[in-house]
Every structure is written in C-alpha cells, then in structure tokens.
Amino acid sequence: MKNTLRQVFHSSKFVAGFIIFVAILLTMFIYPLINPGNPLQQIGVGTFAKPGTYVSLYDATKAPVSTFRLPDAAEKRLGSSLSEEDKVAMVEWFEAVGADISDLDTNDTEKMLEMWDEYYDPSAKPKGMIRAKILYYGRLDKSLKEMGNGDGDSISIAEPNEEGVLEETKKILDTDYVNTKEVANVKTLPLGTDNFGRDVLKELVSATGTSIRIGLIAGIVATLIGLTLGLLAGYVGGFLDDIIMFVTNIFTVIPGFVLLILISYSIGQEQRGAAVVAIVIGFTSWTWTARSVRSQVISLRNRDHVNLSKLSGHSLVRIVLTDILPYIASYVVMAFILQVSSGILSEAQLSLLGLGPKTTEVPTLGLMMNWAMLYSAHTNGSWWAYFPVILTITLISFSLNLMNTGLDQVFNPTLRD
Amino acid sequence: MSDQVREQKDFTNAPLCLSGKGVTKIFGFGNKKTVAVDHVDFEFHEGEFVSIVGESGSGKTTLSKMLLGLSNATEGEIFFQGKPRDISSGRKKREYWKGIQAIFQDPFSSFNTFQKIDTVLLDCIHMRGGKNLSKEEKFNMMTEACHFVNLEFKELTNKYPFELSGGQMQRLMIARIFLLKPKILLADEPTSMVDACSRATILDMLLNLRDEIGMTVIFITHDIGLAYYISDTVYIMEHGKFVEYGKADEVILNPKAAYTKRLISDVPKIHEEWDLSTVDLMA
Ligand SMILES: Nc1ncnc2c1ncn2[C@@H]1O[C@H](COP(=O)(O)OP(=O)(O)OP(=O)(O)O)[C@@H](O)[C@H]1O
Ligand SMILES: [Mg+2]
Numbered sequence: 351m352k353n354t355l356r357q358v359f360h361s362s363k364f365v366a367g368f369i370i371f372v373a374i375l376l377t378m379f380i381y382p383l384i385n386p387g388n389p390l391q392q393i394g395v396g397t398f399a400k401p402g403t404y405v406s407l408y409d410a411t412k413a414p415v416s417t418f419r420l421p422d423a424a425e426k427r428l429g430s431s432l433s434e435e436d437k438v439a440m441v442e443w444f445e446a447v448g449a450d451i452s453d454l455d456t457n458d459t460e461k462m463l464e465m466w467d468e469y470y471d472p473s474a475k476p477k478g479m480i481r482a483k484i485l486y487y488g489r490l491d492k493s494l495k496e497m498g499n500g501d502g503d504s505i506s507i508a509e510p511n512e513e514g515v516l517e518e519t520k521k522i523l524d525t526d527y528v529n530t531k532e533v534a535n536v537k538t539l540p541l542g543t544d545n546f547g548r549d550v551l552k553e554l555v556s557a558t559g560t561s562i563r564i565g566l567i568a569g570i571v572a573t574l575i576g577l578t579l580g581l582l583a584g585y586v587g588g589f590l591d592d593i594i595m596f597v598t599n600i601f602t603v604i605p606g607f608v609l610l611i612l613i614s615y616s617i618g619q620e621q622r623g624a625a626v627v628a629i630v631i632g633f634t635s636w637t638w639t640a641r642s643v644r645s646q647v648i649s650l651r652n653r654d655h656v657n658l659s660k661l662s663g664h665s666l667v668r669i670v671l672t673d674i675l676p677y678i679a680s681y682v683v684m685a686f687i688l689q690v691s692s693g694i695l696s697e698a699q700l701s702l703l704g705l706g707p708k709t710t711e712v713p714t715l716g717l718m719m720n721w722a723m724l725y726s727a728h729t730n731g732s733w734w735a736y737f738p739v740i741l742t743i744t745l746i747s748f749s750l751n752l753m754n755t756g757l758d759q760v761f762n763p764t765l766r767d
Numbered sequence: 019m020s021d022q023v024r025e026q027k028d029f030t031n032a033p034l035c036l037s038g039k040g041v042t043k044i045f046g047f048g049n050k051k052t053v054a055v056d057h058v059d060f061e062f063h064e065g066e067f068v069s070i071v072g073e074s075g076s077g078k079t080t081l082s083k084m085l086l087g088l089s090n091a092t093e094g095e096i097f098f099q100g101k102p103r104d105i106s107s108g109r110k111k112r113e114y115w116k117g118i119q120a121i122f123q124d125p126f127s128s129f130n131t132f133q134k135i136d137t138v139l140l141d142c143i144h145m146r147g148g149k150n151l152s153k154e155e156k157f158n159m160m161t162e163a164c165h166f167v168n169l170e171f172k173e174l175t176n177k178y179p180f181e182l183s184g185g186q187m188q189r190l191m192i193a194r195i196f197l198l199k200p201k202i203l204l205a206d207e208p209t210s211m212v213d214a215c216s217r218a219t220i221l222d223m224l225l226n227l228r229d230e231i232g233m234t235v236i237f238i239t240h241d242i243g244l245a246y247y248i249s250d251t252v253y254i255m256e257h258g259k260f261v262e263y264g265k266a267d268e269v270i271l272n273p274k275a276a277y278t279k280r281l282i283s284d285v286p287k288i289h290e291e292w293d294l295s296t297v298d299l300m301a
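Chains as they are written, first to last, in the working numbering: chain A, 351 to 767; chain B, 19 to 301.
Rather than coming from a laboratory, the hints here were simulated on the basis of the structure.
Treat the hints with caution; some may be incorrect.
Said to hold, decoys possible - Lysine-lysine pairs mimicking DSS-like chemistry, simulated, CA-CA at most 25 Å apart: (1) Lys537(A) with Lys412(A); (2) Lys492(A) with Lys400(A); (3) Lys111(B) with Lys101(B); (4) Lys111(B) with Lys352(A); (5) Lys177(B) with Lys352(A); (6) Lys156(B) with Lys177(B); (7) Lys172(B) with Lys352(A); (8) Lys134(B) with Lys177(B); (9) Lys149(B) with Lys111(B).
Stated by the list, open to error - Partial selection, computed: residues in chain A whose CB lies under 10 Å from chain B: (10) Asp654; (11) Asn657; (12) His664; (13) Leu666; (14) Thr672; (15) Ala679.
What the hints assert, rightly or not - Derived CB-CB ranges, DEER-like: (16) Lys352(A) with His257(B): 42 to 50 Å; (17) Lys51(B) with Asn751(A): 38 to 46 Å; (18) Gly46(B) with Arg668(A): 27 to 35 Å; (19) Leu375(A) with Asp104(B): 54 to 62 Å; (20) Asn751(A) with His257(B): 49 to 57 Å; (21) Asn751(A) with Phe45(B): 35 to 43 Å; (22) Phe45(B) with Ile604(A): 31 to 39 Å; (23) Phe589(A) with Asn31(B): 44 to 52 Å.
Quick reminder that beta carbons are idealized off the backbone N, C-alpha and C, glycines included.
Isolated chain A (complex conformation) (with noise of 0.2 Å):
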C-alpha cells in the first residue's frame, strides 16, 4: 500500500496533474478569504465592465492633492480621448491629401497630431469629397485644436449651499494627481464584471468550487452504483447477473446524454439545486464503470486466493471485500476520477442547454457559459466573461486525465517506458 502511493508519487504525470488540481482547490479555499462575499451579488449598474481597476471618481475628488507635471501628460489624455472613429477620419483625410500613409501607426497620437497639423487645411476641398463631410473635418480640427491646448486646463466643482445655489467648492487642475491609497473606493476587478455585473473572478471562483462538487458528487453516485452492480453481476452471476446486465445493457442503449436531458427536464428547473443535478448526472453514467468492473471480477472470481479464502470458511461479503475489491481498486480509483472529469462537462453542457442547476443559487461553470452565451459576450467582445470559464473547465480536466494517465502507467506496467 505505502509502496504503491510512493510509486503513484514518482510517476511525473501523476504529480504534475495533483499539483495543478491541488492549486485549483487552494484557490477556491483561499481566494474567498481574500475577497469574501456573495459571488452572486450585483456589484455593477450595466453589463460587462472591462477588467481593470476602478477608482472612485467621487472619492478621488476629496483625496489629497499633489502637484506633478508629467511631460507626457497632455499628449496621453489626448491619446485616451481620440476615439478610434475620430483616427479613421484622420487617416481617410492624409489619404485624401495624397500623404504618406505608408508607414503610419495609428497608435502613435504625437505622429498623428503632428500629420494633422500639416496636412489639414480648411479650405482645402479633396476631390469627391461631400460637403457634409468637410464639415465633419472642421468640427474635428475644431474639437482637436481645444484639446491639445496643453496645461491649464480646469473643471470646477460645485455644490450647492445654503439657499441651494451652485457654489464653486474646488477647482481641479489637470495637474493635480491623487494616490489611489488615499481614494476610499478602489475596486480592482481583474475579470470584469458579467452581463449581471458581477464580479467576475469570485464568480469563476465560486463557481469552480461548485462544479468540482457536482462532478465528485457524480463521480462517487456512479462509481458506487457502477461498482455495487458491477461487483453483484461478476461474483454471484447467474440469473442476478442477467437482470444487472440487462439494466446496464438498457442504460447503455440510450445515450446517457439524452437520458440526462431527459430527466433534468422533467425534474423541471425549481427542483434543480447543484446538488439534484450532480446526482442525476452520476445517475446516468454509471453503466461503464457497472461493465469493467463486472468482467474484472470474473477473471477475478476463479483465482486461487478467492478458492482459498472460500474454503477457509469466509462470507461472500468479506471474500468480495477482502479478495476481490483490493485487486481492482486501482482501477476503480482511475474510473472514479474519469468520472469527476466527465460529471464537470456534463454539468457545462447541460447548463449550455438551460438545464443546469437554477440559477438563483449558485454559480457553476456551466451556468456561467450559458450567461455569457445568453447575453452574447463572444459576439460583443468580453472575452473576460467566458474565456477564463473554458480556460478552468480545460484545466480541470486536463489535470484530472493527467492523474488518470499517471496512475495507469503505475498500475499497467505493460504501458510503463
């Protein structure tokens, strides 16, 4: 036994996918410490902020001041300010003034100002340009001219008084910088918010929690129901065997994923916790498990060590406990495994569907998928809301095959290099 784990612990693929499951586990117990709270609370007013960090603007206002004059200052809230349409126009512009485009970087806002400065002039009228659009240009330059008019800019705060009339309260310089240590509400949200805007990390991580419970609580549902009818039909045989192999036969037939449709449809979107879901899966998953082990326990049942322990007098509760469960549980500890893995997909393809665990709860992987698809994330470009789900569902079963592969090389020496 001692042996067998330090042999499980050498084999490198074995410990490469325990440790990056164990690290996915450490995450979903340590990362709730850090940042507590309700992963399903609304946090933002609109859908998917972008990931990145918020500081209060309000609270920013009433920070300490200090003064800097950054050399590149102007030239960066300029950058931030011109809109991607606003360089599209400018760019059509330089084109229509015969300018060298060739080697313009668009991200480069000095060498587009300074294009601009030479190129643009108003009484300019590029040939089968309309009229509407020179006028566009004006507004431009117009808008461009006011915003590279460098330092001194100013807002004014105002709050009313007294008699509630408006009152300058503080002026702010565009040289006037805050540390954000001293802004009351910082909110760093490395993923964004989702389409509910919730924070989308502790979402993820919540929900990973989640669906690692759903695929063990399925793993264990059909490793136990594969294992009892397994061991059941192997050892007594018989008319036993052929009512369990007729079940398993019925159940293999019909495709477990339609069967599981099938059922978490009818047990009808209320009933269905985490939980409900987890078992349902393992309900309909069982039957591989049922058949190896059932033809394992049949080479097994004829062995000397098993007639030897039956003439010695044992029950068939101890001889199948004792003889025959140690000899394939490795094997069933590589099916249990396979079996996690397969209950996670299980549960994102079903919550795909709309018929995962209801969606007041908990968050799962898959229900955060069907959020994402739902509300068209892939199309509008938050990646932030799906991309990380596929990366963890990805990771999570590549570690657990990982292990699977490792334990096989240990318990298969025919597949040992």
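Given chain A, put chain B with the ligands in place with the hints provided.
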C-alpha cells in the same frame, strides 16, 4: 520390486469418504466445447493416499475443483462419506469445507497479495473454533504449524506473500492443513515449485500428516514415479477419463492401458534402482 518402501494397506474395505459416479465437466458449448472430465467413477477411502496421474491438460485440476465443490459438475454425482453431497447453500458449503481442504497447484496465485500471511493461518484457527483463544495461544499454534513444515513463524509474521519464495508458500499451505486437520486433502501438484530436496521434505510432511491425523490424501501429479512411491492407490487419467486404476504396485508394475505404459516408459528410472538418498519416506 524390492525397493517398495512402504507397505501398502488394503483399503477396499475401509469406509468410503469421497466417491463419484459419471462425474463430467464440459467447458463451453458448440464448436468450442471442451470435455475436461468425462464420466469418471472413483472411490476414495478414509486414510487412503490416492494419486491421480495424468499429462498436462488431462483434467486433473478440473476434477479437483469439482471434488472441492468450487465448481459444479456438468453431469454425475459426488458422494461424501457415502451419502450424496449436499452443498446447495453457503452454510452447507462452509460445513463441507471443514472436512475437505486443498493445496493449489500455483502457490503464487494462492495467496491474497494484500493480506499478511498471519491472516491465512489465523483464519484456519478461527475456522477450527479457536476465535476466543488468547493471542499467545494463537501464536503458539501458528508457531507449531510452521515448525511442522520447517518454517520459523517469527520470521514470517507480518510479511506479505510476495515476500516469500515459492517453496515457502507451498510449505505455508501445508501448515494451513496442519492447523485445519481436514478429513480429506486435495493436493494439486504441491511440489511443482520446489527443488528435489524440498520436494522430498514436502512429501514427507504430507505422509506424516496422513499418519498423524488419518486423513485421506488425494495427490495430483503428472509424475507416475512419484505416485508409485507414495500412494496406496493410483488413478491414471487421460483426456478426462480414468483409463486405469488400482493399487499402486499393481497398476505400475503391470500396466494394462497403453497410456499407462507410455507414462511409465517416459520415466527413465522406474525399473531401475530409484535414488532414494534424497527421499527418505520412512523417516
Ligand atoms: N475455465 C476453463 N474454461 C475452459 N476450459 C478449461 C477451463 N479450465 C480448464 N479447461 C480445459 O480443461 C482441460 C483440462 O484442464 P486442467 O486444468 O484440468 O488440466 P490439468 O490436468 O490440471 O493440467 P496441468 O497438469 O497442466 O495442471 C484443458 O484442456 C483446459 O484447456
Ligand atoms: Mg492442473
């Protein structure tokens, strides 16, 4: 033959302990049908040392599994102590196995590799109703049993079967029999894994056990020379059938079946002086 080392008792009038009529075992059906044991009749008596001799694949192990009640006969009936054997329920089977025990052909596959060998011996003590004995008493019994087969229990305790040699395993199997003291012992090639010297020791042990507790030994072997030297009665098995049986010296010194003659001629030394320097059966 002057080198007949043991007097052979006449068992024809001894009480029957195991007998069979038309016992048959067929594996598979249709094209793949194998008739492993083909309508054999036999009568084994109390205290008798019977050898079943046959080539590899002649059906010896298959017959022994049926005798042990570990597999069902396709046809025919087996009688235990003169009465039709009834092992229809688990409890009756357990009762039956108190009277009949076995040493299997392959010692390496006879042990549960996940259990320490102490378990094997303890199970025997428990089966003989020694569940409530004190630890020391159990230890002493196991030590005695191991001593009987020239093993030191102190060196074996807490070891796993795979830490033993094939010969040690086979001797441990005999220690088991020593503790169980069954009425009938089925020994399927119990010396297959050991060198000539240990083989003599093991055979010696079996004979001692037979004399000590008066059990019937059904000894399965492909070595007709060996059978001649240790058994009272021999059954010659060919393709699942008993082609000849009788007292050991009658069968072997006056073989009638062609198969028996061939088996005997295959043993080079059978009509010459047998080298007994290693096999001291009278000890
Ligand atoms: N479980 C089984 N299924 C099918 N055929 C079997 C089975 N067990 C034994 N046989 C066949 O029955 C025949 C007799 O086998 P058995 O093991 O009894 O031979 P044996 O006399 O013990 O040989 P050996 O001296 O090599 O041990 C063989 O032809 C074998 O192929
Ligand atoms: Mg055999």
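Evaluation of the provided hints:
no. : hint                                 : verdict
1   : Lys537(A) with Lys412(A)             : holds, 17 Å
2   : Lys492(A) with Lys400(A)             : violated, 31 Å
3   : Lys111(B) with Lys101(B)             : holds, 15 Å
4   : Lys111(B) with Lys352(A)             : violated, 36 Å
5   : Lys177(B) with Lys352(A)             : holds, 14 Å
6   : Lys156(B) with Lys177(B)             : holds, 17 Å
7   : Lys172(B) with Lys352(A)             : holds, 23 Å
8   : Lys134(B) with Lys177(B)             : holds, 5 Å
9   : Lys149(B) with Lys111(B)             : holds, 20 Å
10  : Asp654                               : holds, 4 Å
11  : Asn657                               : holds, 5 Å
12  : His664                               : holds, 7 Å
13  : Leu666                               : holds, 7 Å
14  : Thr672                               : holds, 7 Å
15  : Ala679                               : holds, 9 Å
16  : Lys352(A) with His257(B): 42 to 50 Å : holds, 49 Å
17  : Lys51(B) with Asn751(A): 38 to 46 Å  : holds, 44 Å
18  : Gly46(B) with Arg668(A): 27 to 35 Å  : holds, 31 Å
19  : Leu375(A) with Asp104(B): 54 to 62 Å : holds, 57 Å
20  : Asn751(A) with His257(B): 49 to 57 Å : holds, 51 Å
21  : Asn751(A) with Phe45(B): 35 to 43 Å  : holds, 40 Å
22  : Phe45(B) with Ile604(A): 31 to 39 Å  : holds, 35 Å
23  : Phe589(A) with Asn31(B): 44 to 52 Å  : holds, 45 Å
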